[in-house]
Amino acid sequence: MKIVVDFDLCESNAICMQIAPDVFEVRDDDFLYVLNEHPDEGDRARMEECVQRCPKQAISLED
Amino acid sequence: MPRQSIHVVGASLAGIRAVEALRRRGFDGRIVLIGAESHLPYDRPPLSKQVLAGSWDTDRIHLTKPQTLDELAIDLRLGVRATGFDLESRTLSTSDGDEVVDGLLVTTGARCRTLPGAETIGGVHVLRDLDQALTLRAELEAGPRRVVVVGAGFIGAEVAATCRARELDVTMVEALPTPLGRVLGERMGEVCAEVHRRHGVDLRTNVGVDRVEAERGRVTSVVLTDGTEIDTDLVVVGIGVVPNTEWLEGSGLTIDNGVVCDATMLAGPGVTAAGDVARWPNHRFDEVMRVEHWDNAIEQGVHAAERLLTSDAEAQPFAPVPWFWSDQYDRKIQLAGRVRPGDEVEVVTGTLEDHRFAALYGREGKLVGVLGFNRPRHVMQYKTMIENGTSFADAIAAEV
Ligand SMILES: Cc1cc2nc3c(=O)[nH]c(=O)nc-3n(C[C@H](O)[C@H](O)[C@H](O)COP(=O)(O)OP(=O)(O)OC[C@H]3O[C@@H](n4cnc5c(N)ncnc54)[C@H](O)[C@@H]3O)c2cc1C
Ligand code: SF4
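Just so you know, the protein sequences line up as chains A and B, in that order. Each residue of the first sequence is one higher than the last, beginning at 1 in this note's numbering. Each residue of the second sequence is one higher than the last, beginning at 1001 in this note's numbering.
No lab work stands behind these hints: they were computed from the structure. Any given hint could turn out to be false.
To be verified - Quick partial rundown of chain B residues pointing at chain A, CB under 10 Å, derived from the structure:
| # | residue |
| --- | --- |
| 1 | Arg1024 |
| 2 | Trp1294 |
| 3 | Pro1376 |
| 4 | Thr1384 |
| 5 | Asn1388 |
The beta-carbon is built from N, C-alpha and C at its ideal position, and this holds for glycine as well.
Pulled out of the complex, with its shape left as it was, chain A reads as follows:
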């Protein structure tokens, strides 16, 4: 599983960071950084929650 963020859509509102701070981090420069592009397969449910809850539909998962 690979995390893909469309940074043109992302508006750094950090919803994903609230759900998975070990994977997503919005820093002081107000940009989103993906800390782990390849979370374990066992983490899929949490990653799918990030995909759903992102208000900009900026996150997608690739196999």
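Knowing the structure of chain A, use the given hints to seat chain B with the ligands on it.
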């Protein structure tokens, strides 16, 4: 007996996320999703932003991919309206006929309040659905001589911002002394007013609309309660919404400014509600609330769906910290928590003058809200503190 089938009425944000949650939880019974609009489920926030601005095509606002919709294996009935329900016999009436249902999830949302007497006048708009957004966009593209926005709430503010980006003249009329004063408090409302003025909006506060004048069926001016007449050919009314509950009158469910639910989102035996239409006691804030926010529709939709698969004994209360955002001009405004007039307010980062800050709201020694102007990360971190029951003093002192 396990649930055989579930009918979800209202095919928008709460409804679609509920259906997805049912399948995720392994429910393999029949799911019927009924929606009055003929469009596939779409997302509303872009309607007052990218869609109205013309920067997004409407195919970007789908809430699910057609393929995902297929995988959900649901009976999707678009363009069908629910007209009644009877709790005792469990009969759901729709424009397609009557049917006895097992589980029922109500996600019929809300619609715009209209300006009494102006509903049929050409050039007077409200903005809630895609068709309304496209009609309004065409009007903006035609180049009106002035846009009058009635109501400085979030929708009105976003419409004003989008019109200014199109270099249209905008007059905004607000009955309260400050925009959003009741939601954000006077001081923060004043900051919102300042943002509009700085972007060239002619903002009139503390004054209402007396009437809309028309000629040959088309608006020509708006007359305010102080007698001022504003010459215009386009009016957008953003004065709040009313929950779509008429179809449930006399159903046996309690209807009072929304479908009244218990703390677990149960409205009656085997009936739950979610999204803009649902009213429930949120134990975290000791308040019965109806929340008109995007994120709430998702979370509550999931909760209400799972509730239909859970026994009363195992049911969990729904007690989130409400959160929403609004994009206006180049500002991203976010509010988390529940704010009341009279709460203490403390700016913890940035300055009000720069329109880039985070402000905390405190009540009875507790952190109850956070407002951010272009401070997304801060808002989310303070939101977590609200969830953890952090004291106001500790929140102010915290390094974020
Ligand atoms: C222009 C606009 C901009 C917004 N921007 C933001 C934002 O920036 N941030 C934010 O947090 N929130 C925003 N919101 C609010 C957010 O979109 C709503 O909270 C959300 O749409 C609520 O979802 P819902 O599914 O509960 O209801 P709705 O989206 O209102 O959907 C209800 C659906 O039920 C259907 N329906 C109604 N009655 C019946 C019936 N009798 N039978 C069958 N179907 C029926 C309706 O046609 C509709 O499709 C915005 C809303 C609008 C309109
Ligand atoms: S939730 Fe979406 S928009 Fe927000 S920071 Fe994460 S990817 Fe960006």
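For each hint, the structure was consulted:
1. Arg1024: With a closest approach of 8 Å, the B:Arg1024 hint holds.
2. Trp1294: holds (6 Å)
3. Pro1376: B:Pro1376 check passes; min Cβ-Cβ to chain A is 4 Å, inside 10 Å.
4. Thr1384: With a minimum Cβ separation of about 6 Å from chain A (threshold 10 Å), the hint on B:Thr1384 holds.
5. Asn1388: Where the cut-off is 10 Å and the nearest Cβ of chain A is about 12 Å from B:Asn1388, the hint is violated.
The structure does not agree with numbered hint 5 stated previously, though it agrees with all others.
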